[in-house]
Amino acid sequence: MLVVRGGESGKGDLAALGALYDRHASMLLAVAFRLLMSRADAEDVVHDVFIGLPEALRRYEERGALVGWLKRVTVRVALSRLRSDDVRATQVLDASFPTPSRDVTATIDLDAAVASLAPSLRAVLVLKEIEGYSHAEIADMVGISVAASKVRLHRALRALRGMLEER
Amino acid sequence: MIWFGKKDRALEAFAEAIRPELAGLRTPRASSALRERMLADRATGARVILPVERAAPLLARRYLIAAVAVIVGLLVLPLYRASRNDAWDGEPVSPLALIGNVAHAGQPTGSLRLPAAFPIHPERIHAGTIRYRRVFNDSTGRVERTVESVLSVTADSSQGTPAWRLVKFDRESSASGPVVNAETVLVRRSDLGLMTRMVHVRPYRRWKGINIEQRAIGDSLVGRMTLDDINGMRPIERRLPSAYAPFLSDALTPLYLTTIPLSAGWQGSVTLLGWAVVPKDVLHPVELRVTGEERVKVAAGTFDCWRMTVGYMGSVIEYWVRKSDGLAVRSIERNNPPGGERIVTLESERGM
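As given, the protein sequences belong to chains P and D, one line each in that order.
Heads up, the first sequence is in the working numbering, so the first residue is 1035 and it goes up one at a time.
Heads up, the second sequence is in the working numbering, so the first residue is 152 and it goes up one at a time.
Extracted from the complex, chain D is given alone in its bound form (with noise of 0.2 angstroms):
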């Protein structure tokens, strides 16, 4: 082994000596109980966006072929897009789990009112694990449904930039089976702006499940949406202005305050970011306010938090997020569904 150009004979020695016994290294077997658990995870919809494996440099030829399958599939695709857009019935129209719960038609004009709130520390988000409930009740209170939502942060990298790799999975039990939401999103550490997100939510409507996924490149938003029982797919292809910065995807959303100090009186603005198939739910501007302080019990504790508002479309969302760190601990929508609401709560936590 060389060593800023000293061989060292003993160490290479004794790594040759070892190579044998580090090979037989004792390793678990993989179990049954975890073959049932991921084909289980599989079949209600599961999904999880894998590294990129990035390919052994390229030969200038497959370049020169990329290069012509592009200009034929951009030759190809208006024409392809026109006959394909006859097999959707119906706009897909993103679900918002945190903030809102589907996202309100129609696109916002002009700029943003309240400051943009961009974060001070994205330092401040690190790994772990989250879990909400989402709880529907009906004008006398009944519960109409619950969904179970865990969000999850690991560190990653794409390309070279360390980012971080968020998965929110959203299971709801109906009469009809499993409701499946998972989005696994890739924001960049330094200013968590978006890399990459896929949404995936089984069933969808009639069919048996959606995906969406984007690319944030440049100032533009791209990708495609595929039905799960249909070939074929949607591009997307949005500009992202600036004057809406910054955009948040639905997973980042009760993560993000923890990276903006808050105190009384504080406002801001941020942008959610929707599926994007469609012209009307590209941008959903979100403005934020600080209205007071209270306590608040949730199931994983009693914490003291900042009283928000959060204005969201035309509707007014009342928020709690925890003093000590800005993690989102309740959140309550009136009239959603109509004459009841929609309540939001930490249910645990781990490593945050």
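Bound-form chain P, shown alone (with noise of 0.2 angstroms):
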């Protein structure tokens, strides 16, 4: 594991943190914008993450891999601002995005009918069908009950089901 030496911003400590940055930036990057659903402000969170990284480094404790950590710690922070009003219009769409390998036109509807459910639902439905998160965790992280996590899952399976059936 790197380890970014927090407080000094040293050649040594920028350079670390580039490194990390280039091993999980493009991952954290995926994580944030599932959740926010815009590019600018999953870029935002990845900034803030990196920027405050060498401190929270300090409080990482290894009793897990370093990449589950960045995971959670992105995910909290994206969260706090999927639940501010700050959150810019969504554009899922953006030409430099990498080409799917999958099936395009499906793969398109399914984005713009993730993108289309409410953020509280999306932020479930990401956190539990992608990110593989348990209820019990997503329930920590949202600040809602594991009972309330399950509904919003249901909400959001029911939702995506219901706005693919009519394309």
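It is worth saying that the hints were derived from the structure and are not from the lab.
The model shown is predicted, which means the values in this text are computed figures rather than measured ones.
Ideal placement from N, C-alpha and C gives every residue a C-beta, glycine not left out.
Any given hint could turn out to be false.
Stated by the list, open to error - A few chain P residues that don't get close to chain D, going by computed Cβ distances all over 10 angstroms:
no., residue
1, Pro1088
2, Ala1099
3, Ser1150
4, Ala1152
5, Ser1154
6, Leu1155
7, Leu1159
8, Ser1168
Stated by the list, open to error - Computed cross-link-like contacts, DMTMM-like style, restricted to lysine to aspartate or glutamate with a CA-CA straight-line distance of at most 25 angstroms:
no., chain 1, residue 1, chain 2, residue 2
9, D, Lys431, D, Glu364
10, P, Lys1184, D, Glu172
11, P, Lys1105, D, Glu187
12, P, Lys1184, D, Glu163
13, P, Lys1105, D, Glu492
14, P, Lys1184, D, Glu167
15, D, Lys359, P, Asp1143
16, D, Lys448, D, Glu299
17, D, Lys359, D, Glu323
18, D, Lys359, D, Asp342
19, D, Lys448, D, Glu498
20, P, Lys1105, D, Glu172
21, D, Lys359, P, Asp1174
Starting from the two chains in their separate frames, assemble the complex, guided by the hints.
This is the structure in structure tokens:
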């Protein structure tokens, strides 16, 4: 594991931070993007995560993988942004995105359907079905009960199914 | 999936079917531009307090170890402090951005003369971004210094308590390089009470940078001060007397009056929190008075404002807040710098 020393921002620290970015930023950006459905907001989240990383790493306990810890921190920052009114308008089909390897039409439909879900439903759907968190973990991160997490997932899936059937 | 005890097999099958497609949703790749921006901000001293990642439930043995560590720490700390105090030359005192400039020496005695201005409508705070510009003119009107200040407010929570996260980022260009003053504050949404605060100023005096970490616990403010280029720390342990409430951090200042209905003749008091590292920089009482109405033109627009005076440790600052919502629009402090004046103006706002 690379260790970034907090407090200073010498060349070595920045190099280590840059190396962490190179290794994990795309994965974290994907997590933030799926939650926020806005590239600009997702980039702001990743920016903030890496800016705060040297100090946060002091609190990191090596009881789990660094990747998992980074993802959870990113999810918390993204959810914090999601709860605010500051999330910018959704822009799903950015031309600069990498080309998907799957059926493009189906993916675009699903992109649009997921993006059009209410943020509170989308968050639970993404965390459960894509990121693989348990309802207990989601409840903790989102600040709701386990039952509410299950209800939101149910509603998200129903809404998603309804939208895809219409297309 | 179980929904009120009834298993919806069709929905469960649908979830199974779309799971691979969901995993394949298109996402952007992290760009080199973002990498450069992040590294540049970090190099100039930007700091962000990330949400606390709560650990899994600990074993009793770990509680025991932690308790022993705390006891040992309490026993060793006085010795450690005595040895460390020689390392600092000068007393770290908080710079205040929007009301006052540098905290004056001395602490108040007795009680406040004006009624405490507690927030009446804390729900009026909401997410957004505000930009201010601070200009320091000398006695001839020539601009000596300019500081750009960005304050962003986002919704957050801490240990289940809904909170606002305020991040104030001041940047000043000087001959010796950029000077950065960043403050991240978490306040409760219910009453805007301080939860945590982190300040980073870079450079600070002869050091690369200084970090102030504060946490409000009950009627106390605890935390620590560290310097970027010296190992060790100075603890912060101050009591906040209720007679001086409400307590505001610097970042909350321009928003605070949005929570209080102002009117002609209104007056009240608040107390700004210093860094609290040294005894003379803990409480800075401020007296606020509405003295009139005025239309004010700044870069962000022309606004009908309440004209106010801000009494602050012997100085009086002229202060204008927007009548429609109480947002700070302009402040003028005479004789700061000596013979000159300091002018703070609202440059732009988004979401406010």
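Evaluated hints:
1. For Pro1088 of chain P, the shortest C-beta to C-beta distance to chain D comes to about 8 angstroms, within the 10 angstroms cut-off, and the non-interface label is violated.
2. For Ala1099 of chain P, the condition that its CB be more than 10 angstroms from all CB atoms of chain D holds, with the nearest at approximately 13 angstroms.
3. Annotated as non-interface, Ser1150 of chain P keeps its C-beta farther than 10 angstroms from every C-beta of chain D; the closest such distance is 13 angstroms.
4. The beta carbon of Ala1152 of chain P sits about 16 angstroms from the closest Cβ of chain D, which is more than 10 angstroms, so the claim that it is off the interface holds.
5. For Ser1154 of chain P, the condition that its CB be more than 10 angstroms from all CB atoms of chain D holds, with the nearest at approximately 13 angstroms.
6. Here Leu1155 of chain P stays apart from chain D, with its beta-carbon at least about 13 angstroms from theirs, past the 10 angstroms limit.
7. Not every CB of chain D is more than 10 angstroms from the CB of Leu1159 of chain P (nearest about 8 angstroms), against its label as outside the interface.
8. Interface exclusion of Ser1168 of chain P from chain D stands, the closest Cβ pair being 12 angstroms apart, more than 10 angstroms.
9. Distance check on the hinted pair: Lys431 of chain D and Glu364 of chain D sit about 18 angstroms apart at the alpha-carbon level, within 25 angstroms; holds.
10. Note on Lys1184 of chain P and Glu172 of chain D: the hinted pairing holds, with a Cα-Cα distance of about 21 angstroms set against a maximum of 25 angstroms.
11. Annotation: proposed proximity of Lys1105 of chain P to Glu187 of chain D holds, straight-line Cα distance about 21 angstroms (limit 25 angstroms).
12. A distance of roughly 12 angstroms separates the Cα atoms of Lys1184 of chain P and Glu163 of chain D; the hinted pair therefore holds under the 25 angstroms criterion.
13. Between Lys1105 of chain P and Glu492 of chain D the CA atoms are separated by roughly 48 angstroms; this puts the pair beyond 25 angstroms, and the hint is violated.
14. Restraint check: the Cα-Cα separation between Lys1184 of chain P and Glu167 of chain D comes to about 16 angstroms, which is no more than 25 angstroms; the hinted pair holds.
15. Annotation: proposed proximity of Lys359 of chain D to Asp1143 of chain P is violated, straight-line Cα distance about 52 angstroms (limit 25 angstroms).
16. Restraint check: the Cα-Cα separation between Lys448 of chain D and Glu299 of chain D comes to about 18 angstroms, which is no more than 25 angstroms; the hinted pair holds.
17. About 15 angstroms separates the Cα atoms of Lys359 of chain D and Glu323 of chain D, which keeps this hinted pair within 25 angstroms; it holds.
18. The suggested pairing of Lys359 of chain D with Asp342 of chain D is violated, with an alpha-carbon distance near 36 angstroms, which exceeds 25 angstroms.
19. The straight-line distance between the Cα atoms of Lys448 of chain D and Glu498 of chain D is roughly 11 angstroms, inside the 25 angstroms bound, and the hint therefore holds.
20. Pair hint Lys1105 of chain P plus Glu172 of chain D holds up; C-alpha atoms about 21 angstroms apart against a cutoff of 25 angstroms.
21. Taking the CA atoms of Lys359 of chain D and Asp1174 of chain P, the gap is about 38 angstroms. The hint is violated against a cut of 25 angstroms.
Against the hints set out earlier in the document, violations occur for numbers 1, 7, 13, 15, 18 and 21.
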